[in-house]
Structures are given as C-alpha cells and as structure tokens.
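Asker: Sequence:
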Amino acid sequence: MAAEQIANAGLRVEVFDAKPSVARKFLLAGIGGMNITHAEPYDAFVTRYGEAQPILQPMLDELTPQQLRQWIHELGIETFVGSSNRVFPTGMKAAPLLRAWLHRLRGQGVAFHPRHRWRGWVDNDPQQGWKFETPEGEICHRFDAVILALGGASWAKLGSDGRWCKPLQQAGVELNPLLPSNCGFEMHWSPFIQERFGGTPIKNIVLAVTDRNGTRIERKGEFLITGYGIEGSLVYALSAPLRDLLLLADPKRPAELQLDWLPHLSQEAITAKLKQPRKGLTFANLLRKRLHLPPIAPALLRECCPDLATQDAPAIAQALKAMPLRPTATRPIDEAISSAGGVRFDAVNRDLMLKKFPGMFVAGEMLDWEAPTGGYLLTACFATGKRAGQGLVRWLTSD
1 MAAEQIANAG LRVEVFDAKP SVARKFLLAG IGGMNITHAE PYDAFVTRYG
51 EAQPILQPML DELTPQQLRQ WIHELGIETF VGSSNRVFPT GMKAAPLLRA
101 WLHRLRGQGV AFHPRHRWRG WVDNDPQQGW KFETPEGEIC HRFDAVILAL
151 GGASWAKLGS DGRWCKPLQQ AGVELNPLLP SNCGFEMHWS PFIQERFGGT
201 PIKNIVLAVT DRNGTRIERK GEFLITGYGI EGSLVYALSA PLRDLLLLAD
251 PKRPAELQLD WLPHLSQEAI TAKLKQPRKG LTFANLLRKR LHLPPIAPAL
301 LRECCPDLAT QDAPAIAQAL KAMPLRPTAT RPIDEAISSA GGVRFDAVNR
351 DLMLKKFPGM FVAGEMLDWE APTGGYLLTA CFATGKRAGQ GLVRWLTSD
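The numbering of the sequence shown is the UniProt record's numbering, which starts it at 1 and goes up by one.
One should not assume that every hint holds.
[What the hints assert, rightly or not] Pairs of lysine-lysine, BS3-like flavour, derived with a Cα cap of 25 Å:
1. 131 - 356
2. 131 - 203
3. 25 - 131
4. 289 - 203
5. 321 - 220
6. 131 - 19
7. 19 - 166
8. 273 - 321
9. 131 - 93
10. 273 - 203
11. 93 - 19
12. 321 - 203
13. 157 - 93
14. 273 - 289
15. 166 - 356
16. 252 - 321
17. 203 - 220
18. 321 - 289
19. 166 - 25
20. 157 - 19
21. 279 - 289
22. 220 - 289
23. 25 - 157
24. 355 - 166
25. 275 - 289
26. 131 - 166
27. 131 - 355
28. 93 - 25
29. 273 - 220
Calculated directly from the structure, the hints in this document are not laboratory data.
Could you put the whole structure together from the sequences, leaning on the hints where they help?
Answerer: Okay, here's the thing in structure tokens:
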C-alpha cells in the first residue's frame, strides 16, 4: 500500500522481501476466507483499536472500510458482507486480489526483490547504505527514503520474526516489547479434560473479563478447549486485557475469565430449575436434562470449581453464570494471530517518519497498536501504509 502511494506520485519504488515471494502473511490470512475489513458503523469500527484509536483514526479516516472496499473493486475484485458484518472478497481468497494488485504495481514500475533480508546499515549509518543478505551474498543499497514494513513477531516462518527490533533499539528508536495478541492461553487441565475434551467447542456462551482498570468486558460467541488450554474467536476477542492482567501479576486483579454457560437465563431461573426434584438424576444428567448443557459443562465445573457442592442449587447456578477460567500464560507469540508492541507512536511524527531518522518511515504491525480479528488488523495495516507512503512523498517533494 505504501509502494502504491509512492508510485502514484511518479517516484521510483523498490520493494525488498526476505522471502521467495511477497505478501506471504497476506496470503495466509486468506486461507480462512480473507476477511479484508468490517462493515459495522464507522463510529463503532474505530473504537476497536482501544488506546491507539486517537492516533490511528486520522489514518483510518483517509482509508475507511468503505473506501478500502472501493479500492478492491477497482482491482476487479468484488466484495460482500457476511452474516457477522465481516467483509470478504468474492471467492473468499487472497490470491486473486494479490495477483491483480501486484500486476498493477509492476505496471506502475514498482520493482520487487525477493530473497533480500535486511541486515542493518553500513557502519550502522543509514546514510552509508542498507545491507541485504541475498542468495548471491551480501549487497548494499542507498535510498533517498525508506519505509520499513517488517511486521510484528507472529508466524515468523512467513517473515514477521521481530528481528528488526534489535537494530532499531541499538539506534535509539523507542520500542515497546512485542507481545502476543489474538492468542490462545494455557490452562492447567487435568489429563481427563485433555484426553476427553481436547478439541471440544463451547458455543452460545458469554465470556467476561475485568481489565486492569476495573472495567468489565463481555463478549458472546464460542471458543475451543484444547489440550493446552483455550483458544478461538471469543478468547482472541478478550486476549488483550487478559494478557495484560497476566503481565500485571497482581493478586488483587487476577487474570480470570468468567464463563456464563446460560446467558439467556438468570441465576434465579437456573436455581429454580435445579431445585425441582432430581428423581435420581446424576449431576451430569441434571445439567443435561434440566438446562440442556453438554457433557463438558459438568466436567469443567468440577475442574474449575472443585469445592462446588453438587446438591447446592444456588451455588451451582452461581457457578454456571460465572465459572472462573484462570490461565497461567499466553501461548507463544509465534502462534498468535497478531502481535502488540513495537515502535512507539511518540517515536514517529504524524506521517509515521522516525524522529531520529529523517526519511525513514514505519508502517503496519511494526507500530505499537493491536486490534481484534474481523478485518480490523488488515484495515489498519493498509491505512498506516497509505499514510507512510504519502508521508514519504511529502518529505521528498517538500522544499
């Protein structure tokens, strides 16, 4: 996206990529259906970026979800809005969109250099040249201006391995640590849960977390029990505040999700159903017949509420409305869908140029922001790329 802005201004653009082909993470995003953006009202859309909203919104204002869809249409790819307001290209694949885009960029004179991994600067000075590792050995280039779009640190095999942090930190650029975002969490499951229920989805429930500021956040949907813990869309949606609580390690603010198995029923209504004569029903059959809960429900209640008295209807109802899930750690950042942290926004100007290095810009997941899945990540990556590209043009052409 940055290259497109520069090429549109009539400047020569060269794109260097460490991998044998470009945009591998973009292609991976298309495997699950290529959720390009989101069609919810724009006022709600911009709130999904949390603390970064005030900084990102001016860039998103210049490439709104609707404008992004129009840009895709101009490439000859139609889009549609799915049932959850997520926007997809017709065909649900990334490859046709990427092919059309690369064809247009090459037609504008953009040159692509695969298998070129950036290895720092000559004499640690960007003015002296940029070093690249290639199949033919190390080569050096000098540029009038540069945009770095090296990703975060998730899915390193696709190129975003976070190695860029070290040279930038050594050069004095202010960074926040890269952290997993939209990630799974580890739990101390018993062997029984691991073996009997690993891979089991839990649907039509509500998860809630009280963040480090005391704000309760609730989301409805589904997630997955795994051998190591929990993952899935609902867990990802709450991963940022849950991760921050783990990092905080404050006993007064435990890292805990509360699971409401029956969001459509009040605690009192559940209690009333459980107080009816049991007629010899086991605890598991009671939950299945009276409340239509799956077999995993009583198993997890025993796991997460070991002191629960299975004859105490009010206590059971309370546990079903707020069953605690207490993760011990996030899964490794390389498994995460995205990452938080990176170049601090106070280290760049409004055009995303590094204050310490005039003519050097930063875009995408290298910057310190995060967002949930649902098209928000790609939209902001595109928007920061557009801002950085136009900023570079302004910088080169200003008097």
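Asker: Determine for every hint whether it applies to the structure shown.
Answerer: Now for the hints, and whether the structure bears them out:
1. Only pairs whose Cα atoms come within 25 Å are accepted, and residue 131 paired with residue 356 is accepted, the gap being roughly 19 Å.
2. Distance hint between residue 131 and residue 203 is unfulfilled; the C-alpha atoms sit about 51 Å from each other, more than 25 Å.
3. A hinted pair counts as satisfied when its Cα atoms are at most 25 Å apart, and residue 25 with residue 131 qualifies at roughly 24 Å.
4. For the hint pairing residue 289 with residue 203, the CA-to-CA distance comes to about 18 Å; that is within 25 Å, so the pair holds.
5. Taking the CA atoms of residue 321 and residue 220, the gap is near 13 Å; set against the 25 Å cutoff, the hint holds.
6. Our distance criterion of 25 Å between C-alpha atoms is met by residue 131 and residue 19, whose separation comes to about 16 Å.
7. Straight-line distance between C-alpha atoms of residue 19 and residue 166 comes to about 20 Å, which keeps the hinted pair within the 25 Å bound.
8. Restraint check: the Cα-Cα separation between residue 273 and residue 321 comes to about 14 Å, which is no more than 25 Å; the hinted pair holds.
9. A hinted pair counts as satisfied when its Cα atoms are at most 25 Å apart, and residue 131 with residue 93 does not qualify at roughly 35 Å.
10. Distance restraint check for residue 273 and residue 203: the Cα-Cα separation of roughly 21 Å lies within the 25 Å cut-off, and the hinted pair is therefore satisfied.
11. With a CA separation close to 21 Å, the supplied pair residue 93 and residue 19 stays within the 25 Å bound.
12. A C-alpha spacing of about 15 Å is found between residue 321 and residue 203, which places the hinted pair at or below 25 Å, so the restraint holds.
13. Of the supplied pair hints, the one linking residue 157 and residue 93 holds, its CA atoms being roughly 21 Å apart against a limit of 25 Å.
14. Straight-line distance between C-alpha atoms of residue 273 and residue 289 comes to about 10 Å, which keeps the hinted pair within the 25 Å bound.
15. For the given pair, residue 166 sits about 16 Å from residue 356 by alpha-carbon distance, which is consistent with the 25 Å threshold.
16. Among the hinted pairs, residue 252 with residue 321 is consistent with the structure: their alpha-carbon atoms are about 21 Å apart, no more than 25 Å.
17. Annotation: proposed proximity of residue 203 to residue 220 holds, straight-line Cα distance about 9 Å (limit 25 Å).
18. Of the supplied pair hints, the one linking residue 321 and residue 289 holds, its CA atoms being roughly 18 Å apart against a limit of 25 Å.
19. At most 25 Å may separate the alpha-carbon atoms for a hinted pair to count; residue 166 and residue 25 meet this at roughly 22 Å.
20. Taking the CA atoms of residue 157 and residue 19, the gap is near 9 Å; set against the 25 Å cutoff, the hint holds.
21. With a C-alpha separation of about 12 Å, the suggested pairing of residue 279 with residue 289 holds against the 25 Å cut-off.
22. Between residue 220 and residue 289, the direct Cα distance comes to roughly 23 Å. Compliance with the 25 Å bound is thereby established for this hinted pair.
23. Only pairs whose Cα atoms come within 25 Å are accepted, and residue 25 paired with residue 157 is accepted, the gap being roughly 9 Å.
24. Distance check on the hinted pair: residue 355 and residue 166 sit about 18 Å apart at the alpha-carbon level, within 25 Å; holds.
25. In summary, the hint linking residue 275 to residue 289 is supported, as the alpha carbons are separated by about 13 Å, within the 25 Å threshold.
26. Annotation: proposed proximity of residue 131 to residue 166 holds, straight-line Cα distance about 15 Å (limit 25 Å).
27. Restraint check for residue 131 and residue 355: satisfied, since their Cα atoms lie roughly 22 Å apart, inside the 25 Å limit.
28. For the hint pairing residue 93 with residue 25, the CA-to-CA distance comes to about 13 Å; that is within 25 Å, so the pair holds.
29. In summary, the hint linking residue 273 to residue 220 is supported, as the alpha carbons are separated by about 23 Å, within the 25 Å threshold.
Comparing the model with each earlier hint shows violations of hints 2, 9; every other hint is respected.
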